[in-house]
Structures are given as structure tokens and as C-alpha cells.
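Spelled out, the chains give:
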Amino acid sequence: MGDSEVAELAANPPSTVDTVLTMHDVTIAYGERVVVDSLNLAVKPAEKVAIIGPSGSGKTTVLRLAIGLERPSAGSILIDGRYMWHIERAGVLVPAGERQARRARRPVGMVFQQFNLFPHMTARQNLTEPLIHVLSLGKEEANHRATDLLSRVGLATHLDHRPAQMSGGQQQRVAIARSLALRPKLMLFDEVTSALDPELVGEVLQVIRELAHTTSMAMILVTHEISFAADIADRVIVLDHGKIVEEGPPSIVLREPRSPRTQQFLRAILER
Amino acid sequence: MTGFSWDWQFALQILPQLLQGLQFTLEATFFGSLLAFVLGLVWAVIRLAEVPIFSQAIRLVVEFLRGTPLLLQLYFLFYVFPNYGITIPALQTGIIGLGLYYSAYASEVYRAGIEGVPRGQWEASLVLGLPLRRMWGRVVVPQAMRFATPVLGNFVISMFKESAILSTITVLEVIGQANIIGAATARYIEPFTLAGLIFLAISYPASRVIRLVEARLSG
Chain U
843 MGDSEVAELA
853 ANPPSTVDTV
863 LTMHDVTIAY
873 GERVVVDSLN
883 LAVKPAEKVA
893 IIGPSGSGKT
903 TVLRLAIGLE
913 RPSAGSILID
923 GRYMWHIERA
933 GVLVPAGERQ
943 ARRARRPVGM
953 VFQQFNLFPH
963 MTARQNLTEP
973 LIHVLSLGKE
983 EANHRATDLL
993 SRVGLATHLD
1003 HRPAQMSGGQ
1013 QQRVAIARSL
1023 ALRPKLMLFD
1033 EVTSALDPEL
1043 VGEVLQVIRE
1053 LAHTTSMAMI
1063 LVTHEISFAA
1073 DIADRVIVLD
1083 HGKIVEEGPP
1093 SIVLREPRSP
1103 RTQQFLRAIL
1113 ER
Chain B
46 MTGFSWDWQF
56 ALQILPQLLQ
66 GLQFTLEATF
76 FGSLLAFVLG
86 LVWAVIRLAE
96 VPIFSQAIRL
106 VVEFLRGTPL
116 LLQLYFLFYV
126 FPNYGITIPA
136 LQTGIIGLGL
146 YYSAYASEVY
156 RAGIEGVPRG
166 QWEASLVLGL
176 PLRRMWGRVV
186 VPQAMRFATP
196 VLGNFVISMF
206 KESAILSTIT
216 VLEVIGQANI
226 IGAATARYIE
236 PFTLAGLIFL
246 AISYPASRVI
256 RLVEARLSG
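Chains as they are written, first to last, in the working numbering: chain U, 843 to 1114; chain B, 46 to 264.
Since the hints were made in silico from the structure, they are not lab data.
Keep in mind the model is a prediction, meaning the values are calculated, not measured.
Simulated coverage check for chain U against chain B, where a stretch passes if three residues somewhere in it have a Cβ under 8 Å from a Cβ of chain B: (1) 950-956; (2) 967-977.
Looking from chain B toward chain U, a few residues come up when the C-beta cut is under 8 Å (computed): (3) G165; (4) Q166; (5) E168; (6) L173; (7) L175; (8) P176; (9) R183.
Glycine included, every Cβ here is placed at the ideal spot set by N, Cα and C.
Based on the provided sequences and hints, a complete structural model is requested.
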């Protein structure tokens, strides 16, 4: 980051009042390919945001940026008032490394398309591992919380099953419970039903729907399930070529989109 | 026609001497494997960590160990090194030779095991905020070892058999003993047959055990 950019950020700090995530002019490029292009995004606590858009539009990358799995080429990201890749020194932003990102991403959880459960651990161990070694809970309390959460996602009978002994839908519910265990303020869902057989999609969406309606956690969902997005999102963002082409409440964006890009995309989805 | 008929009494008589040789075979295999596994891990970690100069140097060493015959490496250790004042007893030379040679292959196995752990496993550990120690110790290494354990187990069996080559540097392991008996008595059929049976009696059950372990690990 050049000096001028540091100065500019300092002079023009993004508004972080009451946001759990703020992306300010975030760009990420791999060589010549710009994947996310000067993106500005603010998510309020408890807000549910759905990101839709054609494949390759940068949706997943936005989530990976939000949890610090990718480092932006330019711009800044704030999580719950803390910079992901910068530290503030005497009012000036200075680039920081993985250590800062580690701290900053603590309030964020992520559920992956491919579940990414630990295959050599049982469902319960998948939850107790971070509870004991990240939150420093005692073994008994961790077990208690893990059991409780797995019951909440309908897996009370599968506590000691390993991932390979469970269906994709069950594995994804374990993954959701694992993220919830750390009580994040912001949960990211990255096309969490894309890898599932069609008959298993419903049970996973039901768990997320219930979470959306009963918790005050903020959520960002990348999804192709348009009706699901319409149901739970407060705001829908349409992404194309790494830029926001349209955003607003689902009743408008999904029913009467103004952008021709959105209209085209929704038509393509509905014709599937 | 003495050499062509099996003599049970002679066979029984030479068995203790062959079993004495087995002791050296097992010693060479055990300490050779230990050395190979530890050194292999060191090579793998240095290469994966991409330490400048070190990593390239290790790569050269590994290429050398894999690209030249074990016999040549043993001859160097045993016949050339003493010219430079480094004299190591035969058995220890054998252990070092076997250990070094197999460490090159073991390092590739570790590397493949670690690189074979899916990226999603690293990312899940990272987003959950697992400490680095837990990420390696509880997520990466167990999954890498699932792949590496049966392969390394087969290395031990290979080394057990190939340790026969140590007879060429005067280690009196099983084959070395059989050779001596043959030369002294002009009867080769009993000592070499028994030597073969001794190897088989150990390597066959061992390979069954490894297959069981493999099945358990993948299950």
C-alpha cells in the first residue's frame, strides 16, 4: 500500500458506526484478473444479506475476503470495529499481517460448500475441538454445548458418528453447528447446498431459515436458491464481474429488478 | 551328489547360526527405519517450509540418494570414508546407509501426505481459529499419517529384505551367515533355503498386518 493510499484512508475513514462488517473500496486481483472491483459493503448487526450473481462474479471471494481467507490487493476490511489487515497507529492505517487477521476474524464464522468437517473426528469432536482449544472451555462444558447444538440441528442421535457415516445434509448441519458453537456475530454461508443431492437441500435450508428468524446474528449468504433468499434476506446484492450491479430489499431486486444484468440472471436461473 | 539332497540334520545344525544373523538383520532394519523416518521428516519439513538454500540443498541430497544405487552408497561409506579418517563399524555403516537411502523416499511420502490433506481442512482450521499447534497436531498430521503409515510400513519390509545387501560390507546378517556356511561346507541348498524361509516367516505376516492397518485407517 502506497503512502498516498494510507493518507487517503486516514482522511476518509469508512463509516463503521454500528456495522459488523465494513468493506471499503476492496479490490482483489490475481495477475490481470480483477475478481472483486472496488467493493463497498456494510453489514449491520442482525442483518441478513443474500448475494446472488452468475458464477465467476466474485460472490465466494467476497465471503473469503470477509473472513480473511484472502487478502485484498487494495482497500480495507473492518470486522466489528477491528481492521482485518491493518492496524491503526497514531490515527494512520498501517498494513498488518496474519496475526492481526487471526484476531479480527474471531467474530466471524463460515460454512463451506464442501462442509470441510474433520473426517477423523466424530460430529461431537468436530465441535468440541474449537470449543476447547479456541474458547478454552472445559471438557464437560464443551461436550454439553456440542450436544446441545447438535440437537438443535436435529442430530442428537448422531453425536458419535463420523462424517463418512452421515449424509451430505447431515454433514452440512454439523458444519453449521460447529460454526455456531463459537457464537459468531457474523455467519457466512458459501453456497452451502450446492454440493448436496436435491432431496437433502431442504433440511439444510430449514436449519438456516430457523437461525435467520431466531438469532440476532448477522448473516451473508451466497446462494442460488432465489426463493430462499427472498424468504430470509433483508437485502439482496447482485454481483457481476466483482461489482455490485443492484441491491435492495428482495421484494424489489428479485421481483422488479431494474438492472438488465439482474433481469438476465434471474431469467437464466428460473429457466433451469 | 551331496549338494542336491536335503539334509535335515545339517539344516537343524546351522539354524542357530542363521538366527544369529537374523539378529543383525533385525537390528539394521529397526534402527535403519527409525533413522529413515526421522530424517525423512526433517527433509520434508525443510522442503515444505521453503527455507532458502537449505531447501535446495536438501533437494540435491534427496536426488542423490534416490538416483544412485544403495550398494554404491554403502561402498562409499565403508571403503571410501576411511580414506578421510572416518571409520565406522560395519553394522553401523549399514544402518546409516539404509537409513539415509530410505529417508529420501520417506520424505516424499511425508510430503505427499501433507500435500494430500485437502485445502478445505486448512481453511476450516483457520476460520475456526484453531491454534497452529492444534491445526498441525490434530488436523493435518493425523490425516497425512493415514496416507503415510501403510507406505512407511511397506518401507520397513523392503528394508528388512534389502538389508541382505549389508553382507557385501561384511555384516554377518542372515545372508552373510548363509554364505559363510556354504563356503565352509560346500553345501548351499540348506543355508540359502533356510535363509529364504526366515525372511518369508517375518515379511509375510508383517505385510498382512500392514494390510489390516491400511484397511482400518481407510475405514
